[in-house]
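K.L.:
The lines below spell out each chain.
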Amino acid sequence: MASHATTEHTLAPGEIAKPNTGWIWKTFFVLVGITAIEFVFVFLMHPSTLRNSIFIVLTIFKAFFIVAEFMHLKHETKGLIWTILIPLALLVWLLVALITEGSFIGEVLQNMFK
Amino acid sequence: MAHSTTLQSSAAAATHDAPRTGNWDGGNEPFKASYGKLMMWFFLLSDAFTFAAFLTTYGMIRHKHEVFTGEAKDFFFSTRWWPIPDHVFNAFPGMGEANVPLGFVALMTMILILSSVTMVLAVEAGHRMDKKDVQKWLLWTILFGSTFLLSQAWEWTHFIHGHAEPTIMADGTKLYGANLHMNQYGPVLFADLFFFITGFHGTHVFSGVCLLVWCFIATTNGTFEKRGHYEMIEKIGLYWHFVDLVWVFVFTFFYLV
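Residue numbers (full-length UniProt numbering), protein chains in the order written: chain V, 1 to 114; chain W, 1 to 257.
Honestly, the hints are just simulated from the structure, not real lab data.
Every residue, glycine too, gets a C-beta built ideally from N, C-alpha and C.
Be aware that one or more of the hints could be misleading.
[To be verified] The list that follows gives simulated cross-link-like pairs (lysine-lysine, DSS-like), each with its CA atoms no further than 25 Å apart:
(1) W:Lys73 <-> W:Lys174
(2) W:Lys131 <-> W:Lys37
(3) W:Lys32 <-> V:Lys78
(4) V:Lys18 <-> W:Lys131
(5) V:Lys18 <-> V:Lys78
(6) V:Lys18 <-> W:Lys174
(7) W:Lys37 <-> W:Lys136
(8) W:Lys226 <-> W:Lys132
(9) V:Lys114 <-> V:Lys74
(10) V:Lys26 <-> W:Lys174
(11) W:Lys37 <-> V:Lys78
(12) W:Lys37 <-> V:Lys74
(13) V:Lys18 <-> W:Lys136
(14) W:Lys226 <-> W:Lys32
(15) W:Lys37 <-> W:Lys226
(16) W:Lys132 <-> V:Lys18
(17) W:Lys132 <-> V:Lys26
(18) W:Lys131 <-> W:Lys73
(19) W:Lys37 <-> W:Lys132
(20) W:Lys136 <-> W:Lys32
(21) W:Lys32 <-> V:Lys74
[As the list claims (entries may be wrong)] Now the in silico label distances, taken between C-beta atoms and shown as ranges:
(22) W:Lys73 <-> V:Pro19: 47 to 55 Å
(23) V:Leu85 <-> W:Met169: 44 to 52 Å
(24) W:Ile217 <-> V:Ser53: 43 to 51 Å
[To be verified] Stretches of chain V that chain W covers, calculated by requiring three or more beta carbons in the stretch to come under 8 Å of a beta carbon on chain W:
(25) 26 to 33
(26) 49 to 59
(27) 79 to 93
Just need the whole structure built from these sequences, with the hints factored in.
P.N.:
As structure tokens, this is what we get:
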């Protein structure tokens with residue numbers, strides 16, 4: 001596993017390296033920023049498919065930053081990255097299939113007595 | 001392994017055992033990750049499937065119900081249509097009946113993202129073998145995690161007891177709050193899904209806090225220092241970030257959309 005670069009000076013026994021936390025706080029501000037943008041859209045835009053799509057795209061951005069940076073997946077081997085991502089693609093299929101199915105069932109039920 | 005070869009000559013035992021000394025006792029390390037971390041990844045993948053099943057169910061059931069088509073300000077609770085989330089989740093602790101749409105859930109989201117940050121800081125301190133820093137950041141993470149749980153307890157209490165204004169049903173019954181059989185916000189399944197999805201997520205946060213408390217005790221006792229690495233913190237960190245990740249999705253699909 002590749003770790004984030006630390007300063008290249010040798011430590012004396014018992015000495016502790018200096019924290020390297022810049023990238024952590026950067027990721028934090030990105031996450032807070034995206035959440036803030038989401039709230040702007042909640043209050044300034046009427047509910048619509050477009051608004052929902054914006055939310056989903058922003059959510060995927062947030063998920064990317066959490067998984068890639070905080071969970072360190074970006075710095076793992078390619079094999080591990082694909083092992084995690086490919087099965088998740090199946091979930092997108094499940095989601096699309098069942099939401100379509102839900103709309104269909106709803107239509108049938110709502111029109112049943114018309 | 002060694003015991004079964006004691007009858008053979010020591011030279012044969014050596015050639016037999018020599019290649020089995022690698023990281024995973026097979027001579028190499030798949031994906032250049034430790035066994036524990038890889039298994040944590042696979043567990044999280046399976047857990048992602050569970051949560052995805054919950055959220056997909058939510059999506060399907062929501063699409064099955066009617067949508068309120070009028071102006072948002074004219075919205076009222078009815079079992080006919082799915083509720084608009086900012087009308088359901090608009091209370092804030094200590095502010096009585098003030099209308100703060102999604103205010104509290106925004107705060108909860110912040111708390112959980114912050115706890116994720118302090119968790120990475122603990123992992124980072126572990127890489128540097130800095131016991132004091134690991135302890136400090138673990139304590140912060142436990143604090144934020146517990147705060148999130150308490151917030152959720154408050155949110156559930158408010159959801160169960162309901163708004164000051166009841167929802168009046170067709171037969172004149174006044175409905176307050178929610179349980180698994182009926183609720184004042186909308187279709188029965190709305191409250192059921194709220195309880196199951198946020199409840200399942202809350203259970204994960206609770207398990208995470210327990211693991212973190214255990215980690216803090218082990219760090220304080222010097223267990224990881226003696227072991228020579230703080231990988232346990234990394235593994236539990238993976239779990240903790242996953243819980244944060246799930247919240248990001250719950251937040252979008254339950255509160256925003």
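K.L.:
Against each hint, give a clear statement of whether it holds in the structure.
P.N.:
Each hint tested on the structure:
Between the alpha carbons of W:Lys73 and W:Lys174 the distance comes to roughly 22 Å, so the proposed pair stays at or under 25 Å and holds. Between the alpha carbons of W:Lys131 and W:Lys37 the distance comes to roughly 21 Å, so the proposed pair stays at or under 25 Å and holds. About 10 Å separates the Cα atoms of W:Lys32 and V:Lys78, which keeps this hinted pair within 25 Å; it holds. This hinted pair checks out: V:Lys18 and W:Lys131 have alpha carbons roughly 13 Å apart, not beyond 25 Å.
Among the hinted pairs, V:Lys18 with V:Lys78 is inconsistent with the structure: their alpha-carbon atoms are about 30 Å apart, more than 25 Å. For the given pair, V:Lys18 sits about 62 Å from W:Lys174 by alpha-carbon distance, which is inconsistent with the 25 Å threshold. The hinted pair formed by W:Lys37 and W:Lys136 meets the criterion: a straight-line CA distance of about 23 Å does not exceed 25 Å. Of the supplied pair hints, the one linking W:Lys226 and W:Lys132 holds, its CA atoms being roughly 15 Å apart against a limit of 25 Å.
Our distance criterion of 25 Å between C-alpha atoms is broken by V:Lys114 and V:Lys74, whose separation comes to about 54 Å. With a C-alpha separation of about 50 Å, the suggested pairing of V:Lys26 with W:Lys174 is violated against the 25 Å cut-off. Among the hinted pairs, W:Lys37 with V:Lys78 is consistent with the structure: their alpha-carbon atoms are about 16 Å apart, no more than 25 Å. As the CA atoms of W:Lys37 and V:Lys74 are separated by approximately 15 Å, the hinted pair is consistent with the 25 Å bound.
For a cut-off of 25 Å, the pair hint linking V:Lys18 to W:Lys136 stands: about 15 Å separates their Cα positions. With a C-alpha separation of about 23 Å, the suggested pair W:Lys226 and W:Lys32 falls inside the 25 Å cut-off, and the hint holds. Distance hint between W:Lys37 and W:Lys226 is fulfilled; the C-alpha atoms sit about 20 Å from each other, no more than 25 Å. Note on W:Lys132 and V:Lys18: the hinted pairing holds, with a Cα-Cα distance of about 13 Å set against a maximum of 25 Å.
At roughly 24 Å between alpha-carbon atoms, W:Lys132 and V:Lys26 fall within 25 Å of each other, so this suggested pair holds. Distance hint between W:Lys131 and W:Lys73 is unfulfilled; the C-alpha atoms sit about 54 Å from each other, more than 25 Å. Between the alpha carbons of W:Lys37 and W:Lys132 the distance comes to roughly 24 Å, so the proposed pair stays at or under 25 Å and holds. Of the pairs offered as hints, the one joining W:Lys136 and W:Lys32 is violated, with about 30 Å between alpha carbons and a cut-off of 25 Å exceeded.
Taken as a hint, the W:Lys32 and V:Lys74 pair is honoured in the structure, with Cα atoms around 13 Å apart against an allowance of 25 Å. A hinted range of 47 to 55 Å holds for the C-beta pair W:Lys73 and V:Pro19, which are about 50 Å apart. Between V:Leu85 and W:Met169, the C-beta spacing of about 47 Å keeps the proposed range 44 to 52 Å intact. Between W:Ile217 and V:Ser53 the C-beta distance comes to about 46 Å, which sits within the given range of 43 to 51 Å.
A stretch counts as covered by a chain when three or more of its residues have a beta carbon under 8 Å from one of that chain; for the region 26 to 33 of chain V and chain W the count is 4, and the coverage holds. Here's how the region 49 to 59 of chain V fares: 5 of its residues keep a CB closer than 8 Å to some CB of chain W, so the rule of at least three is met and the hint holds. Remark: the region 79 to 93 of chain V is confirmed as covered by chain W, as 7 of its residues place a Cβ nearer than 8 Å to a Cβ of that chain, reaching the required three.
Against the hints set out earlier in the document, violations occur for numbers 5, 6, 9, 10, 18 and 20.
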